[in-house]
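Protein chains: 2
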Amino acid sequence: MSEANKIGRYEFVAEPFHVDFSGHLTLGVLGNHLLNCAGFHATERGFGIATLNEDNYTWVLSRLAIEMDDLPLQYEHFSVQTWVENVYRLFTDRNFALINGEGKTIGYARSVWAMINLNSRKPADLLSLHNGSITDYVCDAPCPIAKPSRIKVGAQAPTASLQAKYSDIDINGHFNSIRYIEHILDLFPLDRYRAQRIRRFEIAYVTESYFGDNLDFFVDEEENGTVCVEVRKPSGEVTCRSKMEFVPIA
Amino acid sequence: MSEANKIGRYEFVAEPFHVDFSGHLTLGVLGNHLLNCAGFHATERGFGIATLNEDNYTWVLSRLAIEMDDLPLQYEHFSVQTWVENVYRLFTDRNFALINGEGKTIGYARSVWAMINLNSRKPADLLSLHNGSITDYVCDAPCPIAKPSRIKVGAQAPTASLQAKYSDIDINGHFNSIRYIEHILDLFPLDRYRAQRIRRFEIAYVTESYFGDNLDFFVDEEENGTVCVEVRKPSGEVTCRSKMEFVPIA
Chain V
10 MSEANKIGRY EFVAEPFHVD FSGHLTLGVL GNHLLNCAGF HATERGFGIA TLNEDNYTWV
70 LSRLAIEMDD LPLQYEHFSV QTWVENVYRL FTDRNFALIN GEGKTIGYAR SVWAMINLNS
130 RKPADLLSLH NGSITDYVCD APCPIAKPSR IKVGAQAPTA SLQAKYSDID INGHFNSIRY
190 IEHILDLFPL DRYRAQRIRR FEIAYVTESY FGDNLDFFVD EEENGTVCVE VRKPSGEVTC
250 RSKMEFVPIA
Chain C
10 MSEANKIGRY EFVAEPFHVD FSGHLTLGVL GNHLLNCAGF HATERGFGIA TLNEDNYTWV
70 LSRLAIEMDD LPLQYEHFSV QTWVENVYRL FTDRNFALIN GEGKTIGYAR SVWAMINLNS
130 RKPADLLSLH NGSITDYVCD APCPIAKPSR IKVGAQAPTA SLQAKYSDID INGHFNSIRY
190 IEHILDLFPL DRYRAQRIRR FEIAYVTESY FGDNLDFFVD EEENGTVCVE VRKPSGEVTC
250 RSKMEFVPIA
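First to last, the sequence lines map onto chains V and C. The number in the working numbering is simply the position in the first sequence, starting from 1, with 9 added. The number in the working numbering is simply the position in the second sequence, starting from 1, with 9 added.
Fair warning: there could be bad hints in the mix.
One copy or two, either will do: identical chains are not told apart, so a pair holds if it fits within one copy or between any two.
Calculated cross-link-like contacts (lysine to aspartate or glutamate; reagent style DMTMM-like; alpha-carbon spacing at most 20 Å) [said to hold, decoys possible]:
#: 1; residue 1: Lys174; residue 2: Asp225
#: 2; residue 1: Lys174; residue 2: Asp200
#: 3; residue 1: Lys113; residue 2: Glu20
#: 4; residue 1: Lys15; residue 2: Glu94
#: 5; residue 1: Lys15; residue 2: Glu53
#: 6; residue 1: Lys131; residue 2: Asp64
It is worth saying that the hints were derived from the structure and are not from the lab.
Kindly generate the complete structure, drawing on both the sequences and the hints.
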């Protein structure tokens, strides 16, 4: 198979309610587009959710790291490319590139996925899925950003808290992956976003949370513009961790 | 101009993060699609935001009423039709129909818009815009749902409160119209949505709110499944009102 054939490309436009106060696409909406592209790419190649569900398997997003030099502006057309970088027994690495309206690559993303059995909730062996056919799509297109890192948070008291509501819950009854990104971005005041932008955003999903769950946001603010966030249930159970790199707006 | 030419039709698919726990498209996402369609339709006919902004005018949504027999399910393709029903001096009525994946019309919506001058914030005369050319697009396609109604709320104490955050704010620096819908839907527990669905949802936008504003949600629950909501700033100033009709799920 040619390398080009292994890369999916999908077109978007930055809608008015998908941009923030500065007119740039929000990272939550970008995350949603990336996950949709992962779905389109997998479906077109026979290993999408719908096909898997027939066999009682589903994809679960474990980590996402997005690194952007810039973000599309309101009404700008842009495209997302995606491909599979690696397939291991229990995880697969899927990468993304974001190309702006002028054809310039303005950022990349990395994601790590597992597959689970919907009955047992246990991880599945990706190398035996459809006789390992997913490995036919492995592609070494460049993705010059660091892999998702380990995130440690030391804060002893939460900065913010919320209770999971109707709009937070997805079709599986879980707090949805994109809403976590939005709630984490909501930890910061507009004044910060006027002076700084998030160059790199990482999130690692740890355990599921559900409607009505109380979630506490623990925040470590480091001196170099790095912010780490851990979201915990009152029991102390971690639902996700995030790490952001803020840089001054040029 | 033929009637068919006056009606815009736009295609969508219900994305995984755009459906709720029941697998149905959320009313917030549907509202976003409707407003986008209004924008596409107006732009294609020369009276869109971009053209208007050159002359320092913009469209402002005043009211929206959505009435649905059903909502698209995850991955379902659907389309939205939109047309201009009336043009008055200070307001225009724009209607919508939603057609599901089987080609069946499953709901309608009505919206009321004003145009304002971006400098003076004062309403503009729609009949003199581009020599009244918007009236060329008036179309009497059927829209068999009631017009937006007057909403009155008597509740003395708020049911919920929030502070406007980064994700709530749009490119104009205002609390965004779609986020209001989401926060209003979040007033109700999942158990209610398991037993009932919202057959009709109305919202009237009154005054703008901004980042950091505290918003209180006053709720009147009536016996027939009708719920009215008024969102107020601590000063008592009303930002929007909403009215919903819940019906048992068949």
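Please sort Lys174 with Asp225 into within, between, both or neither, judging by C-alpha distance up to 20 Å.
both (14 Å within a copy, 17 Å between copies)
Treating 20 Å as the Cα threshold, decide for Lys131 and Asp64: within, between, both or neither.
within (14 Å within a copy, 60 Å between copies)
If the cutoff is 20 Å on CA atoms, where do Lys15 and Glu94 land: within, between, both or neither? Let me know, please.
So Lys15 and Glu94 pass the 20 Å test inside one copy only (10 Å; across, 48 Å).
Evaluate Lys113 and Glu20 at a C-alpha cut-off of 20 Å and name the case that applies: within, between, both or neither.
within (14 Å within a copy, 28 Å between copies)
At most 20 Å between C-alpha atoms: does Lys174 with Asp200 qualify within a copy, between copies, both, or neither?
between (27 Å within a copy, 11 Å between copies)
Between copies, within a copy, both or neither: which fits Lys15 and Glu53 at Cα up to 20 Å?
within (11 Å within a copy, 36 Å between copies)
When the structure is compared with the earlier hints, no violation turns up for any of them.
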